[in-house]
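Residue numbers (the working numbering), protein chains in the order written: chain A, 174 to 392; chain B, 174 to 392.
Honestly, the hints are just simulated from the structure, not real lab data. Source: prediction; values computed, not measured. There's no promise every hint is true.
[Stated by the list, open to error] Here's a subset of chain B near chain A, in silico, CB distances under 10 Å, partners left out:
(1) K209
(2) A212
(3) A290
(4) L291
(5) Y292
(6) P295
(7) E300
(8) A303
(9) A304
(10) R306
(11) R308
(12) R313
(13) L336
(14) P355
(15) H360
(16) R368
[What the hints assert, rightly or not] Over the 10 Å line for every Cβ pair with chain B, so calculated as not near, a few chain A residues:
(17) G251
(18) A284
(19) L384
[As the list claims (entries may be wrong)] The calculated lysine-lysine pairs, modelled on BS3-like cross-linking and capped at a C-alpha distance of 30 Å, are:
(20) K209/A / K237/B
(21) K237/B / K237/A
(22) K209/A / K237/A
(23) K237/B / K209/B
(24) K209/B / K209/A
(25) K209/B / K237/A
Beta carbons are placed, not taken as given, at the ideal position from N, Cα and C, and that holds for glycine.
There are 2 protein chains.
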Amino acid sequence: MTNLGPGRPRLEQRRRHGQTPRAEILDAAGELFTTKGYANTSTRAVADAVGIRQASLYHHFAAKDDILDALLAETVAGPLEFAEWLADSPAPAAVRLYALALFDVRQLCAARWNLGALYLLPELRTERFAAFRLRRDELRGHYEELARLVLADLGAALGAEVLPFRLVETVINIRSDEGAAPEYAEHTIPEAVLRVLGAEGGVRAEAVALLESLAGPRA
Amino acid sequence: MTNLGPGRPRLEQRRRHGQTPRAEILDAAGELFTTKGYANTSTRAVADAVGIRQASLYHHFAAKDDILDALLAETVAGPLEFAEWLADSPAPAAVRLYALALFDVRQLCAARWNLGALYLLPELRTERFAAFRLRRDELRGHYEELARLVLADLGAALGAEVLPFRLVETVINIRSDEGAAPEYAEHTIPEAVLRVLGAEGGVRAEAVALLESLAGPRA
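Given the sequences, and given the hints that come with them, work out the whole structure.
The following block contains the structure:
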């Protein structure tokens, strides 16, 4: 450990993931919030884990809840962008819903930290996180709209349209229980998303093609 | 507020749910852990919420994690007992799985506090909660065993047997997002539990009869 100048020595040299100090802070906070707990983690602990001074951290985030908000925003930004693009796609609703579930399961599995485990924090029900809750509700709305279209195509009664979004988020619980992202999830869950609606499977190839046709959101 | 004797005055007279001091402590802790957060709640705060002295609380629970452990144990004790009873039942696997899902969804909805929201706490991955994790794994094992039997009856491939347990636990997320136990859950979720396996519905009446035939576990 070398003292690199005035103030606290930088504990580790760019040990964190991320190309920018901001990304490094988010990576360290993602780890600490999911492994030690949000309430148990101080901004000081985050700064220490990055190897910067707390004052430098405050240059990027004014408070701990701003870090949490930024982390949470990441968990819905990609799927929401994809869902908005899908809304204008002429593909059948079942293909679009499968593609959305596949995209979302993949990003929930690929994320370095299981950030969805933070959705159940009581802190998230405060006014501070109203904007995040609205974004997540928007995403849920996209799932439900596609699911309603699938049910309508089948002439089926409403009811199960709430389940596809919930099924996709079970990845978070599986990751938490198994300690790792489950490999089977990206097959099992999108298939189940259609099956709970009473729809036939067999759309995976079309859904993957739809996903790959999209240059916009990160896949 | 009357001072009832030496020490701290009892703040409220039996305001809490529960017939015994132990049950009152669990009720208060359930509220505080799910609304303020586990890390944010001290045993002192729990004692204050019950209106007893901290020393009296320690008479029932030696530490905060013992309170959490007792609360968590409650969330699986009922369904686990029912699942063990079901294992010996001659009813078809689909009926038994539906009955287990119905029983479990009902108890997750009826519980005064949404204690399942605590399953994702990082604290639960420590050695202290190994016994609880084992009990929850046992319950998950019962779901998976019944689901495998349903798949075998259908001549279907394995894969989806992990999903019924996960679907049932989505009640926790729905309660958290909607702020209340969803009325539709006890129909929608057990139906979906069979549908994700590719099984026909139409077993509800039989499953309810099976559930009601049981005097043992609290239904």
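Status of each hint after checking the structure:
1. K209: Status holds, d = 6 Å.
2. A212: 4 Å, holds
3. A290: Hint holds; A290/B Cβ to chain A Cβ min 4 Å, cut 10 Å.
4. L291: Nearest chain A Cβ about 8 Å off; hint holds.
5. Y292: Interface hint status for Y292/B: holds (7 Å vs cutoff 10 Å).
6. P295: With a closest approach of 5 Å, the P295/B hint holds.
7. E300: Interface hint status for E300/B: violated (14 Å vs cutoff 10 Å).
8. A303: At 13 Å from the nearest chain A Cβ, A303/B fails the 10 Å test, so the hint is violated.
9. A304: Because about 15 Å separates A304/B from the closest Cβ in chain A, which is outside the 10 Å limit, the hint is violated.
10. R306: At about 8 Å, which falls below the 10 Å cut-off, the nearest Cβ of chain A leaves the hint on R306/B intact, so it holds.
11. R308: Where the cut-off is 10 Å and the nearest Cβ of chain A is about 13 Å from R308/B, the hint is violated.
12. R313: With a closest approach of 8 Å, the R313/B hint holds.
13. L336: Check passed: Cβ of L336/B comes within 5 Å of chain A, closer than 10 Å.
14. P355: 8 Å, holds
15. H360: 7 Å, holds
16. R368: 5 Å, holds
17. G251: 20 Å, holds
18. A284: 15 Å, holds
19. L384: Answer for L384/A: holds, closest chain B Cβ roughly 21 Å.
20. K209/A / K237/B: 17 Å, holds
21. K237/B / K237/A: Measuring from Cα to Cα gives roughly 25 Å; hence the hint holds.
22. K209/A / K237/A: Holds, because 14 Å separates the two Cα atoms, which is no more than 30 Å.
23. K237/B / K209/B: Distance of about 14 Å is within 30 Å: holds.
24. K209/B / K209/A: This hinted pair holds, its Cα atoms lying about 17 Å apart.
25. K209/B / K237/A: Holds. K209/B to K237/A sits at ~17 Å (cutoff 30 Å).
Consistency note: the structure conflicts with the earlier hints numbered 7, 8, 9 and 11.
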